[in-house]
Amino acid sequence: MRRTQRRAAWNAFAVGLFVVMIFPVFWMISTAFKSDDEIVSYTPTWFSLHPTVKHFRDAINAPFFWADLKNSLIVVSATVGISIALAFLAAVALAKYRFGGRKLFIVLMIGIQMLPQAGLIIPLYVVLARYHQVNALTGVIVTYMTFALPFCVWTLRGFIINIPRELEEAAMVDGNTRLGAFLKILLPLAAPGLVATSVFTFITSWNEYIFAQTLLNDQGKQTLTVWLSHFLGSSRHTDWGALMAGSTLTAIPVVVFFLLVQRRITFGLTAGAVKA
Amino acid sequence: MSETEGVAVAAGASWPRRHRRLTAARVRRGSVPYALILPVIAAIGAILGYPLYNLVRLSFQHYGLFELIRHQGQSVGLRNFSSVLHDSIFWHTLVRTIVFTAVNVGLTMAIGTAIALLLVRLSAWARILLTSGLVLVWATPAVVAVQVWIWMTNFQNGIVNYVLTKLHLGDYSQHDWYATTFSQLGLATTLIVWGAVPFVAISVYAALAQVPKDLAEAAEIDGAKPWRVFADVTLPFLRPVLLILTSLSIIWDFGVFTQPYLLIGQGHIHPGNYLMGIYLYEEGYVKTDFGRGAAISLLMLAMVALLSIVYVRKMVALGDET
Amino acid sequence: MRSRVFVAAIAAVALGVVAATASASPQQAQANKLTVWLQVDAQSGWPDIVAAANAQFLKDHPGWTVDVQYQNWSDHLQKFDATLAGGNSPDVIEMGNTEMTKYMAAGAFSALNKSSFENAPQWLSGLAKSGSYGGKTYGVPYYAGSRVATYRTDLFTKAGIKKLPTSLAELIADAKKIASQAKSNKGFSPVYFGGEDWYVAMAFVYDYGGAIARTHGGKWFGALDSPQAIQGLTAYKNFFLATSTASKTNDSTNPNPYDVYAQGKSGVIVGPSWYSCCVGAKYKTSTAQFVLPSHVAGKTLPGFLGGSDLAVPASGNAALGSDWIKDFTGTTSEKGLQAKGNIPNATNLLGTSINERAAARSWFVPTAKHWVDVENGNILKNMLGQILTGKLTVKQAAASASDNITSVLNGS
Chain A
1 MRRTQRRAAW NAFAVGLFVV MIFPVFWMIS TAFKSDDEIV SYTPTWFSLH PTVKHFRDAI
61 NAPFFWADLK NSLIVVSATV GISIALAFLA AVALAKYRFG GRKLFIVLMI GIQMLPQAGL
121 IIPLYVVLAR YHQVNALTGV IVTYMTFALP FCVWTLRGFI INIPRELEEA AMVDGNTRLG
181 AFLKILLPLA APGLVATSVF TFITSWNEYI FAQTLLNDQG KQTLTVWLSH FLGSSRHTDW
241 GALMAGSTLT AIPVVVFFLL VQRRITFGLT AGAVKA
Chain B
1 MSETEGVAVA AGASWPRRHR RLTAARVRRG SVPYALILPV IAAIGAILGY PLYNLVRLSF
61 QHYGLFELIR HQGQSVGLRN FSSVLHDSIF WHTLVRTIVF TAVNVGLTMA IGTAIALLLV
121 RLSAWARILL TSGLVLVWAT PAVVAVQVWI WMTNFQNGIV NYVLTKLHLG DYSQHDWYAT
181 TFSQLGLATT LIVWGAVPFV AISVYAALAQ VPKDLAEAAE IDGAKPWRVF ADVTLPFLRP
241 VLLILTSLSI IWDFGVFTQP YLLIGQGHIH PGNYLMGIYL YEEGYVKTDF GRGAAISLLM
301 LAMVALLSIV YVRKMVALGD ET
Chain C
1 MRSRVFVAAI AAVALGVVAA TASASPQQAQ ANKLTVWLQV DAQSGWPDIV AAANAQFLKD
61 HPGWTVDVQY QNWSDHLQKF DATLAGGNSP DVIEMGNTEM TKYMAAGAFS ALNKSSFENA
121 PQWLSGLAKS GSYGGKTYGV PYYAGSRVAT YRTDLFTKAG IKKLPTSLAE LIADAKKIAS
181 QAKSNKGFSP VYFGGEDWYV AMAFVYDYGG AIARTHGGKW FGALDSPQAI QGLTAYKNFF
241 LATSTASKTN DSTNPNPYDV YAQGKSGVIV GPSWYSCCVG AKYKTSTAQF VLPSHVAGKT
301 LPGFLGGSDL AVPASGNAAL GSDWIKDFTG TTSEKGLQAK GNIPNATNLL GTSINERAAA
361 RSWFVPTAKH WVDVENGNIL KNMLGQILTG KLTVKQAAAS ASDNITSVLN GS
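Chains as they are written, first to last, in my numbering: chain A, 1 to 276; chain B, 1 to 322; chain C, 1 to 412.
Hints in this document: simulated from the structure, not taken from any laboratory.
Keep in mind that a hint or two might mislead.
What the hints assert, rightly or not - Heads up, simulated DSS-like pairs for lysine-lysine below, C-alpha to C-alpha not over 27 Å straight-line:
id	chain 1	residue 1	chain 2	residue 2
1	C	183	B	166
2	C	59	A	54
3	B	166	C	33
4	C	33	A	70
5	C	326	A	54
6	A	54	C	33
7	A	103	B	166
8	C	326	C	59
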């Protein structure tokens, strides 16, 4: 009896927490549907009585929306795909092998994450310019990878470390080389961890602004976050409705992606410690 | 970039030490790990190698706009470093940033862990609702969240002022939330913590799911208070996850730039409310003193390494034989 | 299952790489491309004028293409710095006129032949000054804007104001009349502008004959502590306290004055003339503009002549960049910009619009290469906040700001 009452109380609390936490997101979405007058009004309109899709139309018709959406998808898919693949290999090495320089490599992986990225913008730009990678999606992909790899290696190492040796040894008895055993056994067991790391990398790359803004000049080549910044870039009147609509549109792919893989994540994170 | 949080679960694989003979096969096998880490090293090295070298070299040069255009700096030895270290603004900013980091990391970890503990106690529908909310928050890009915050705290028609006044918590009808440093940094804290909590909550929740239920139940049956159960049974399992999340939070919150800079706005930023990330940007890049900016970057790296050394060492040691 | 994950990963990678390489620009084939950086204001405000200039340029230079890349005011300088470091700057760049001096002093631009530009002899002096350094011309004036008062004609009528104010004293009296008519309107401000709006505040300083800083002997000296400047600042303080209920510690960007106006919470707002675009449907027909009066009856308050210049970075194509600028700032273009509510760049093109009347008496920031640092350091804003909140007296705040400005402007 007490338990159900307690549970009901927790549930109620959770709903309250949800409302408070989600409020800014709600405000963003609801503003996107309001008319201009309602947006600047002193008495806030919680739900517009005459919702309009004008702002969404303005946002979608803003120059280069579809091109920049495509660019974001390309950049993020490539970053996630390549980073996970390379990081997985390195994480296997770190977790399952002993070799000279191992500790140094681990420290390097965390050390790079400690670098203030703002300090690297111009030196990075100079290097990329030399190889004609400025104003190119490949330049951005390569930049994102550089910062995603240490994080992915770091995280995947944690997942792989816990996969018991007995499983590897069983596979080796079956006649595989040590590496072959790892790939055959580790890959499926680490798949949830791979998915989890991919999501984190996806979200971080999707929302990245500073490097994309500096490296991409052609509006047709920019990513969605840079596209969004143009709503605020003028010295004149800011179209708040379109900005909120654009922001909502920008957030949608991330939510979709997460919803697609979210079951994997909880499964993946909980399965991180596979006990034989 | 960087909500660099991750999950690692405690454990250890250990290799028994055995004397090995050096054969050709063994050498080939011995080179396997190097082959596996080579792509990562090559990728990072190719892109970051020269910029890192350049950053260090710049820190020893006088390199302003004039030098930038001519691609040629003047060597000045340690002058950049000594100028920064003798700048009282640097030290004030450092202290302010350490306090700011402590508050942000503390709040993020406490609230995130609390939400994770809450998630365990919910019915399925409530759990899905709350998790979906966390995801929506997490998916919102920082620049977008800043705009919403600015909009909500607008001096004339912001919703926060309106609600606070309506709730009779005082007359907030024309309250300027950006008038004092405390208020500005407080708002920045709410924004950052709001954005960082989902990740911590979801990670800790996943780790909680590994705590053997029987152990916790046994402790409860034995009459242990919930707090004791948490401290003695649950916490040891959570330690590795909390270690990682805390250390990465420290690294990220120390150097955070986007949220406070956009929220407080170029118009209100002054040395009295600098955070390290903003200090680097203003002193190095807005003033186009790139040599100084490089020196500040390296000093920041040293500072954050110092702040997180305890946690990092623990993590590096994970998985080693004792 | 695992192979599916693996295959999916490889496919994503391959797809990404292929797509990225396909969309990466083949730099070799674009040898005859002119790169122009304009702000997004042009993209949303007068894309037709840009298109016309491009068409003219292409006619004169067949075989070339023009790539106009639109930038944001907030970070275009950081992007420019990166291109300067990388050696791939655009061929033409739009710079704010307060941003020019620092870059001219550093040698970022190619010198231009002033006489080759239409109407150059009649360029507005305020604009022309911002584009020249060491006797050479580096920036071509593109357009400018001044500051005017946008007001509610119905409120003025209701308050019994028969004619527009011709002096500051009259304006203050009018503001008081309007306020008495709006007692029940909570949060109403007779005149709305932020306390730290230094564009308005400095207008008062220059109106009394003061200045922000003066130069002689190659050094700069902050001048806000001069008696005239202090008179101006005191007049500003009185004006603000008498007419505006806006925040004392905020400038006029958030909230926007026209949003306040659209809510019926203000009788007069001070700002660029394009504010009339956004006064809301309710007050569109009862809105008009006038030029702010000086403290001297019959004269106008000097308006800040904000604007943009066009320059050619040193690593860009000087000849063709210059040609494009000629096409974009020729008489036809400028007349087009004028029609959109801007001030054209030459006196012979000036009409009698409110904007241009306001520009008759104008002021500009000190043309010092470190001026940008004064703006970014918010020295003026902080000073105004201190004065209005009463934290410091006018004399104290002005003296401290003046010292600050002196040291910043003379920094190396």
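Hint check:
1. For the hint linking residue 183 (chain C) to residue 166 (chain B), the alpha-carbon distance of about 22 Å falls within 27 Å, and the restraint holds.
2. Distance check on the hinted pair: residue 59 (chain C) and residue 54 (chain A) sit about 39 Å apart at the alpha-carbon level, beyond 27 Å; violated.
3. With a C-alpha separation of about 59 Å, the suggested pairing of residue 166 (chain B) with residue 33 (chain C) is violated against the 27 Å cut-off.
4. Taking the CA atoms of residue 33 (chain C) and residue 70 (chain A), the gap is near 25 Å; set against the 27 Å cutoff, the hint holds.
5. For the suggested pair residue 326 (chain C) and residue 54 (chain A), the alpha carbons sit about 38 Å apart, so the restraint of at most 27 Å is broken.
6. For the proposed pair residue 54 (chain A) and residue 33 (chain C), the alpha carbon gap of about 37 Å is over 27 Å, so the pair is violated.
7. Between residue 103 (chain A) and residue 166 (chain B), the direct Cα distance comes to roughly 58 Å. Violation of the 27 Å bound is thereby established for this hinted pair.
8. A distance of roughly 14 Å separates the Cα atoms of residue 326 (chain C) and residue 59 (chain C); the hinted pair therefore holds under the 27 Å criterion.
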